Amino acid sequence: MDELLKILQTNALEPRETIARMLGLPLEEVAQRVADYEKRGVIRGYQAILNEDQLGLDKVTAVIEVKVTPQRQGGFDTIADRISRFSEVRSAYLMSGAYDLLLFVEGKNLREVAAFVSDRLASLEGVVSTSTHFMLKTYKRFGVLMHQGHSDERLTITP
Amino acid sequence: MNGSPSLRNRLSRAVRDIPRSGIRDFFDIVSTMKEVISLGIGEPDFDTPWHVRESTVFALERGATHYTSNLGYLELRQALAAYVQRTFGASYDPQTEVLVTVGVSEALDLAVRALLNPGDEVLYHEPCYVSYRAAILFAHGVPVVVETRPENGFRLTREMLEAKVTPRTKLLLLNFPNNPTGAIMNRADLLDIAAFACERDLLVITDDIYGELSYDTPHTSLVSLPGLRERTIFLHGFSKAWAMTGFRLGYACAHPDLIEAMMKIHQYTMLCASSLSQKAALEALARPAFDIGEMVQEYRRRRNFIAAAFAEMGLDCHRPLGAFYAFPSIARYGLSSRDFALQLLEEEKVAVVPGSAFGACGEGFLRCAYATSMANLQEAMTRLKRFIAKR
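Which chain is which? The protein sequence lines are A and B, in order.
Under this note's numbering, the first residue of the first sequence carries the number 1, and numbering increases by one thereafter.
Under this note's numbering, the first residue of the second sequence carries the number 1, and numbering increases by one thereafter.
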């Protein structure tokens, strides 16, 4: 992967000047390449990685396994697209194995998610079955540990 | 026996006459201050790879808590021999030519003690790691310094060695990529030095602890060159490339006669390296490319950043090519490197190590380690720029 993307994936807020120095490139080139990635849709957005457990939000997240019937034209994509467009669905993946789609669905509470599953999701044409699991605690998201502060145990001066 | 002066007089002269490391001295000052950004740390800021830590815990649970063979676990020596062959281009017999030690520091100490008789001269280059001179003196050898210079990228040349060699010279000690200068050697220079060592029939120690950390060109080890394997003790360890400093695990590879001699000292003084650290090292060797690749890339980015930042603020610095140190010159500010470092610490709370800690010719330079986060590096560069703008 392009080193520029690696840097942005680690810290999207890294100043462009710093990135230019790190890669030994002119600032304009870095800005241009980021703009190109955005335009081509390789970079689809920038988000903060939150430790939501710490915020005490009125929110639950469910992981839902969905079995679907692929359609004659469009295969899994048509049904997956229809499901993905619900704003409650935060992530959606096509999977190999015992089920077809894996969804991460958010709602205010258990009842709201249950209502989404029964009213919207399970009733869609092509959805064969669903299996819903509620998330209890987040330990790691996007490669970041959620419950550990960073501490540098090193001495301040070493040979 | 009352009062310490008389006790001091009764100390071994070889020990009494050697000053404490200038690093230790500076550490005592820095450690009294709070919220310092330190570019003074000669060890990776990365954590030891998790699979290594996890398997060390497993080894502890499984009871790997006993003495090992003096040479180290055979399984580890086999893995080391394979790694050295792959990475540094020299092949060794794990049965007789590999010795696992408590860090490269122990390996160096064993090597000089195994080789030197009182009065034997050792050619080594400064600025260099703080231990070399002391290790030679402890072994009753005579340290003969060759001073490297920024004009040629702190590289060592045959001419510099020719100027200092005498009939009493027995040993040549090299460390590239270099702490504290970040210098590396190119292959042509190394070939000259290899020829010099062969013609003068010198023994050689090459400390390749930073061998994996070369950013623009692949590292060439002296030991891979013609005629060198038989006369060279190759030193390497896990502290830098795997971020395992606290594990204290190093190793030496050499001709069986040399390893046997080193092993004798090791056997009577250390017995063996920590069993757990040896297990950790074995796991580390399972997928070195995976562990080291990302770190090297990150160091390269930081190297680029710090070199660009120095250039922009007008600080002279030869381009650092390896290890994780930059060694800028502060000669034009009319301060000793120690005073510069102290004032920088006091005014801007940035810790660097005065170049003089690495030998007399390090005076006029600072060692800035970029083994710290980009956020720290950015802030440190902002402060350093403000500091020198006032001078």
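By construction, these hints were calculated from the structure, which means they are not laboratory data.
All values derive from a computational prediction rather than experimental measurement.
Be a bit skeptical, because a hint or two may be false.
With a Cα cut of at most 20 Å, we get these calculated DMTMM-like pairs of lysine to aspartate or glutamate [said to hold, decoys possible]:
#1 A:Lys140 with B:Glu54
#2 B:Lys34 with A:Asp119
#3 A:Lys6 with B:Asp45
#4 A:Lys67 with A:Asp152
#5 A:Lys140 with B:Glu75
Consistency of the hints with the structure:
{"no.": "1", "hint": "A:Lys140 with B:Glu54", "verdict": "holds (17 Å)"}
{"no.": "2", "hint": "B:Lys34 with A:Asp119", "verdict": "violated (59 Å)"}
{"no.": "3", "hint": "A:Lys6 with B:Asp45", "verdict": "holds (19 Å)"}
{"no.": "4", "hint": "A:Lys67 with A:Asp152", "verdict": "violated (47 Å)"}
{"no.": "5", "hint": "A:Lys140 with B:Glu75", "verdict": "violated (35 Å)"}
Going down the numbered hints, you'll see the structure goes against 2, 4 and 5, while the others check out.
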